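I would like the entire structure built from these sequences, with the hints used as guidance.
Residue numbers (numbering that gives the first Met the number 0), protein chains in the order written: chain C, 0 to 281; chain D, 0 to 158.
Accuracy of the hints is not assured; some may be wrong.
To give an idea of the interface, some chain D residues facing chain C are shown, with a C-beta separation under 7 Å as derived from the structure [what the hints assert, rightly or not]: (1) Ser7; (2) Ser26; (3) Asp53; (4) Val96; (5) Asn134; (6) Gly152.
Read the hints as simulated data drawn from the structure, not as lab findings.
Just so it is clear, the structure is predicted and the values come from calculations on it, not from any experiment.
Ideal placement from N, C-alpha and C gives every residue a C-beta, glycine not left out.
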Amino acid sequence: MNEMREIIKDIKRLEPIPQVANRILSLADDPDCPMSELSELILYDQALTANLLRICNSAHFGLSERIESVHHAVVFLGLSQVIDLVLLAGSAKNLKLEQKGYGLHEGELWRNSVSSALIARELADKKGSKNNHLIFTAALLKDIGKVILSRYVSDSFESIYGLVSTQGLSFREAEKEVLGIDHAEVGAMVGETWKFSSRMVEIIRNHHMSEESKYSDFETSIVHLSDMLCMMMGIGVGSDGLAYRFHRGVVDHLGFTDRDMQGIMSDFADKMHQVEEIMNVS
Amino acid sequence: MNNIVGVSDMKVSNDLESILVTYSLGSCIGVAIYDQVARVGGLLHFMLPESTIDPIKAKEKPYMFADTGIPCLFKATYQLGAKKQRMKVIVVGGAQVLDQRGFFNIGKRNQMAVRKIFWKNKVMIDYEDVGGDVNRTIKMAIRDGKTWLKTSGKQEIEI
Numbered sequence: 000m001n002e003m004r005e006i007i008k009d010i011k012r013l014e015p016i017p018q019v020a021n022r023i024l025s026l027a028d029d030p031d032c033p034m035s036e037l038s039e040l041i042l043y044d045q046a047l048t049a050n051l052l053r054i055c056n057s058a059h060f061g062l063s064e065r066i067e068s069v070h071h072a073v074v075f076l077g078l079s080q081v082i083d084l085v086l087l088a089g090s091a092k093n094l095k096l097e098q099k100g101y102g103l104h105e106g107e108l109w110r111n112s113v114s115s116a117l118i119a120r121e122l123a124d125k126k127g128s129k130n131n132h133l134i135f136t137a138a139l140l141k142d143i144g145k146v147i148l149s150r151y152v153s154d155s156f157e158s159i160y161g162l163v164s165t166q167g168l169s170f171r172e173a174e175k176e177v178l179g180i181d182h183a184e185v186g187a188m189v190g191e192t193w194k195f196s197s198r199m200v201e202i203i204r205n206h207h208m209s210e211e212s213k214y215s216d217f218e219t220s221i222v223h224l225s226d227m228l229c230m231m232m233g234i235g236v237g238s239d240g241l242a243y244r245f246h247r248g249v250v251d252h253l254g255f256t257d258r259d260m261q262g263i264m265s266d267f268a269d270k271m272h273q274v275e276e277i278m279n280v281s
Numbered sequence: 000m001n002n003i004v005g006v007s008d009m010k011v012s013n014d015l016e017s018i019l020v021t022y023s024l025g026s027c028i029g030v031a032i033y034d035q036v037a038r039v040g041g042l043l044h045f046m047l048p049e050s051t052i053d054p055i056k057a058k059e060k061p062y063m064f065a066d067t068g069i070p071c072l073f074k075a076t077y078q079l080g081a082k083k084q085r086m087k088v089i090v091v092g093g094a095q096v097l098d099q100r101g102f103f104n105i106g107k108r109n110q111m112a113v114r115k116i117f118w119k120n121k122v123m124i125d126y127e128d129v130g131g132d133v134n135r136t137i138k139m140a141i142r143d144g145k146t147w148l149k150t151s152g153k154q155e156i157e158i
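Structure follows, in structure tokens:
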């Protein structure tokens with residue numbers, strides 16, 4: 000299929016996530032990895048370090064003194080948060096752009112990605128997860144496939160939207176029906192190209208729970224739920240609207256109650272200005 | 000001049016140059032009200048139906064919830080001279096993700112909360128576009144109360 004060849008070419012043209020972010024990710028969830036090794040890795044990438052310090056010094060953190068170095072950032076914010084910020088700084092370029100096919104103006108996909116990552120992190124913390132960086136990054140990059148698929152969706156929007164509004168398909172299912180591939184699958188291809196772990200690739204591929212067997216997968220469920228909550232709150236929602244399936248099995252497995260979910264939404268609404276801060280400096 | 004109403008936010012105005020706008024109502028609901036005589040309007044963007052889930056937060060952020068936000072909206076317009084009986088009332092939003100079993104249908108519950116409050120207070124809704132799986136943006140001109148609705152996947156319409 001010609002389009003598939005084009006899609007593969009487009010993936011190769013994406014600005015790759017900095018190598019250092021990838022290495023950090025592979026080390027970050029290893030409990031035996033020494034902290035010094037991680038902070039040194041960040042130091043090697045000057046652009047990333049600069050971005051990191053800009054984020055740390057934003058009003059988001061409201062720190063009383065200026066953060067001047069990676070070491071300083073780790074002392075003030077803790078290594079775990081610094082790793083998340085490095086991953087965030089490394090992902091901004093591709094996700095910030097306008098995605099016409101999805102009706103997302105410049106910055107909207109980024110707003111959704113940052114919000115989803117922060118919510119996923121919150122959900123993971125509540126459940127005492129140990130794979131928080133994996134979850135944070137997967138939630139951040141889950142829609143990277145939209146960056147590639149946007150122009151194809153734009154060309155076929157009427158057909159895709161038609162299936163959603165008349166046949167009851169989800170937007171992802173309609174993408175698959177019309178284009179032969181959906182944004183979650185393209186996202187997984189991007190992850191493979193960028194040499195992400197197979198685990199990360201699987202979470203991105205299944206963040207809409209296209210396979211029922213993933214309902215019981217903890218990390219995928221958290222990313223799915225954070226995405227759904229963002230849609231409900233209208234964060235970075237485009238012309239695809241809220242036309243995605245929410246799988247109750249996910250919430251059952253995670254053990255969240257209705258009250259928990261409302262609590263998460265209301266807590267996050269308080270933090271939305273922080274998302275704006277992060278967006279403005281990253 | 001666009002006057003943006005964020006999530007869990009409310010604005011009222013009698014500035015004839017002002018246009019109140021709230022973007023991206025997913026399951027949240029936008030309530031827009033306008034008094035043609037006083038030329039006063041208001042727009043609320045609430046997120047959740049009932050403040051009982053967090054009464055402390057409801058005190059700090061009354062616009063987050065239907066039951067605290069809607070009374071605030073009306074009262075704030077009264078202070079600018081608006082009258083309840085002259086009010087044009089528009090309700091949009093309350094969409095939901097595709098969930099056949101209806102679990103955690105916050106969009107629907109937001110709709111029910113609005114109906115309940117309006118029924119109790121004898122307020123008629125003049126225009127309503129709620130539910131579905133679409134994202135909505137609403138804006139209202141204070142000069143004449145003209146209101147526009149943009150629904151995802153469709154062109155903006157005047158309502």
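Hints the structure violates: just list their numbers, smallest first.
none
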